[in-house]
Amino acid sequence: MRTPPVQERSGPIAWLRQNLFYSWISTLTTIVLLVVLAKFSAFVFQWGVVNAIWSVPTGSQGPNSDACKAVQGSGACWAVITDKYRFMLFGMYPFEEQWRALIVVLLFIGLYVMSGMKRFWRPALAGVWTLALMAIGLLMWGGVFGLQFVPQTQWGGLALTLILATVGVAVAFPLAILVALGRRSKLPFIRWICVAYVEMIRGVPLITLLFMASVMFPLLMPEGVNLDKLLRAQVAIILFFGAYLAEVIRGGLQALPKGQYEAAHALGLSYWSTNRKIILPQALQLVIPPLVNNFIGFFKDTSLVLVIGLYDLLAASRAAIGEPAWQGFAVETYIFVGFIYFAFCFAMSKYSQKLEVHLNQHRKR
Amino acid sequence: MRRVVWQVLAALIVIGVFSWLIGNAQANLGARNVASGFGFLQREAGLPIAEHLIPYTPADSYLRALVVGMLNTLWVAFWGIVLATILGTVIGVARLSKNWLLAKLMSAYVEFFRDLPLLLQLFLWYALLQGLPPVRQAIHPIAGVYLSNRGLSFPVLDWQTAHSWTLLAFILGLIATVISAKRATRKSLDDGRQRATWPTAVLLMAVMPATVVITLGAPFALDMPSPRSFNIRGGVTVSPEFFALLFGLVIYNAAFIAEIVRSGIQSVSHGQIEASRALGLKSSNTLKWIVFPQALRVIVPPLTSQYLNLAKQSSLAVAIGYQDIVSIATTAMNQNGQAVELVAIIMGVYLTISLSISALMNHYNARIALVER
Numbered sequence: 003m004r005t006p007p008v009q010e011r012s013g014p015i016a017w018l019r020q021n022l023f024y025s026w027i028s029t030l031t032t033i034v035l036l037v038v039l040a041k042f043s044a045f046v047f048q049w050g051v052v053n054a055i056w057s058v059p060t061g062s063q064g065p066n067s068d069a070c071k072a073v074q075g076s077g078a079c080w081a082v083i084t085d086k087y088r089f090m091l092f093g094m095y096p097f098e099e100q101w102r103a104l105i106v107v108l109l110f111i112g113l114y115v116m117s118g119m120k121r122f123w124r125p126a127l128a129g130v131w132t133l134a135l136m137a138i139g140l141l142m143w144g145g146v147f148g149l150q151f152v153p154q155t156q157w158g159g160l161a162l163t164l165i166l167a168t169v170g171v172a173v174a175f176p177l178a179i180l181v182a183l184g185r186r187s188k189l190p191f192i193r194w195i196c197v198a199y200v201e202m203i204r205g206v207p208l209i210t211l212l213f214m215a216s217v218m219f220p221l222l223m224p225e226g227v228n229l230d231k232l233l234r235a236q237v238a239i240i241l242f243f244g245a246y247l248a249e250v251i252r253g254g255l256q257a258l259p260k261g262q263y264e265a266a267h268a269l270g271l272s273y274w275s276t277n278r279k280i281i282l283p284q285a286l287q288l289v290i291p292p293l294v295n296n297f298i299g300f301f302k303d304t305s306l307v308l309v310i311g312l313y314d315l316l317a318a319s320r321a322a323i324g325e326p327a328w329q330g331f332a333v334e335t336y337i338f339v340g341f342i343y344f345a346f347c348f349a350m351s352k353y354s355q356k357l358e359v360h361l362n363q364h365r366k367r
Numbered sequence: 003m004r005r006v007v008w009q010v011l012a013a014l015i016v017i018g019v020f021s022w023l024i025g026n027a028q029a030n031l032g033a034r035n036v037a038s039g040f041g042f043l044q045r046e047a048g049l050p051i052a053e054h055l056i057p058y059t060p061a062d063s064y065l066r067a068l069v070v071g072m073l074n075t076l077w078v079a080f081w082g083i084v085l086a087t088i089l090g091t092v093i094g095v096a097r098l099s100k101n102w103l104l105a106k107l108m109s110a111y112v113e114f115f116r117d118l119p120l121l122l123q124l125f126l127w128y129a130l131l132q133g134l135p136p137v138r139q140a141i142h143p144i145a146g147v148y149l150s151n152r153g154l155s156f157p158v159l160d161w162q163t164a165h166s167w168t169l170l171a172f173i174l175g176l177i178a179t180v181i182s183a184k185r186a187t188r189k190s191l192d193d194g195r196q197r198a199t200w201p202t203a204v205l206l207m208a209v210m211p212a213t214v215v216i217t218l219g220a221p222f223a224l225d226m227p228s229p230r231s232f233n234i235r236g237g238v239t240v241s242p243e244f245f246a247l248l249f250g251l252v253i254y255n256a257a258f259i260a261e262i263v264r265s266g267i268q269s270v271s272h273g274q275i276e277a278s279r280a281l282g283l284k285s286s287n288t289l290k291w292i293v294f295p296q297a298l299r300v301i302v303p304p305l306t307s308q309y310l311n312l313a314k315q316s317s318l319a320v321a322i323g324y325q326d327i328v329s330i331a332t333t334a335m336n337q338n339g340q341a342v343e344l345v346a347i348i349m350g351v352y353l354t355i356s357l358s359i360s361a362l363m364n365h366y367n368a369r370i371a372l373v374e375r
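So the sequences go chain by chain: A and B. When the letters of the first sequence are read in order and numbered with my numbering, they come out as residues 3 to 367. When the letters of the second sequence are read in order and numbered with my numbering, they come out as residues 3 to 375.
Hints are computed from structural coordinates only; laboratory data are not their basis. Nothing false has been slipped in among the hints.
Computed cross-link-like contacts, DSS-like style, restricted to lysine-lysine with a CA-CA straight-line distance of at most 25 Å: (1) A:356 x B:100; (2) A:352 x B:100; (3) A:356 x A:120.
Quick list of the computed label-pair ranges, beta carbon to beta carbon: (4) A:357 x B:130: 33 to 39 Å; (5) B:176 x A:116: 54 to 60 Å; (6) A:230 x B:228: 52 to 58 Å; (7) A:264 x B:274: 34 to 40 Å; (8) A:228 x B:99: 54 to 60 Å; (9) A:155 x B:139: 40 to 46 Å; (10) B:176 x A:357: 42 to 48 Å.
For glycine and all other residues, C-beta sits at the position ideal for the given N, C-alpha and C.
Construct all of the structure, not just a fragment, from the sequences and the given hints.
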């Protein structure tokens, strides 16, 4: 059987024929998908825009959500967002001081954007990070320069999510490098500790580590020492991130040819300078894309602090719909929160894809 | 010499930190009058568990409550892995479809569900399920299926001994089909003639069980669910908690599995496919003999870690009220304060699950791995 010669045609009709209607099965698929898509979009538009309630009057007993209850099922109630967005974003942070938490969020975003640009990849970036994290701490706690002191128990919302994720990664990263090196060390005891740490942490769900931090940690501390719940959760998160990052970095270390080590050895470099000057720069460069993918996972995983009662973005939103007026409008709230998580994760995901292409350029011929 | 010094130093630090922590724990537990040890497992739990795969009442011991929780974890993880693999494979293959619309929609699915926290998705599904009407006004799309805020109810076969025999016949037929298909493949590779395997398959897997059904006269009676005022009687009802958890796990993990499957298929070089076409293989056989065996080598290792993730993610059950091992152990912890023992039990359970999945998948991986000389 001979296939007919390929028709070199261009234009929208040819494109449609080649990509949507090239056989009867594909035509059927396309039509079914188009119908489903049209019905779904029409429903979403009707529910989310046409029948939606955008704001409700506020009386002496708080918001009056009767208008929302009237259209429930057929229309969205975005009024819950307009009423509660500040609580979702900043939790129980004092209302008048929320501009500080807002600046913290913007600072974080600025840090991410800057760290993503290759032209800033130099040692000074570490300095910028240190300074920015100090500024963030100052803004969140306050207590100096006339800023009101805000205890950690009142931190919450998006600001808390970003703190947990960023501090988690910033501390876990150096830890992970040490553990990854330790796992490949020639010293059996050190190797054994590192393997035990990584496998123990990776073998259990993050949720159990968080429960451990909230229930067991106070037991393990001497009488009278009482670490804040947020700090305990942060420690659990760091240990968790560290174990996963260590495995990614180990992958990069394994990918380096043995000749690199031999060359460094021949130059008479010590163990630490071999790693610092020769091995790690190459190994880390190799694993940047999987690192970014891990960061996405970590960002989403911080939402689990909800189970130990910290008011991060997701937990604060759940608390917002606990209010009698807004009970039953969970879907709208989750859509709003989902949009925020999605914006961060999607940006990272697109960035990682671009980076992969960019970093592989030198391998193409 | 330096090596020894470093190691002794590390050992001293580790032992020092651990003995300090354990000393503190002993002092604290002593002060709180909590008896350490696993003796509490024999005591009455008094803890209600809605869903149990084995008989359970609140009068049973903590040990039994924890076993119930472990079985609930395994139950949801098992179905999660099976369904997510099926859905993920379908989506992964569809992403490579020549149909532009299908491929785009599937990649939108992957991007969308990968970038939302699983916990958020679970809450969303759970909220949607709770928004369903009460039992009295249950949604009733086809006979015997009821969807209400009590969950999904559907009819099941009224199981009889004859059905067990039929099932046995089907399983034997399945095994025989696999064996005969393998033999046919080997013969085809020997003489190059391609044989149809479906007649044997139909004979073994359909005709044989059907004969058993007819000879034993198995009655086909369905146990239909019927809505009462507050609850549904008969049939099988899947609780909203289980349904939301399973649905969330499947939807979320399918997005990751789809990517794994896609990258596996794409890793097979196009020359292989062209070569098999040049040899005159049918396209179904090209997939079966050339593409899948090679793609599996790339797919299985990341798929293993995805299964491990799914099993661990099932612990999010605690957030929506499905009583898995974590949920039951934390409730027990609040009742009796045996935090150390219960955390140890949770960790033991998950380490066992993880190691079992790894062992199974590594065994499978070793079988499909490239034999190098």
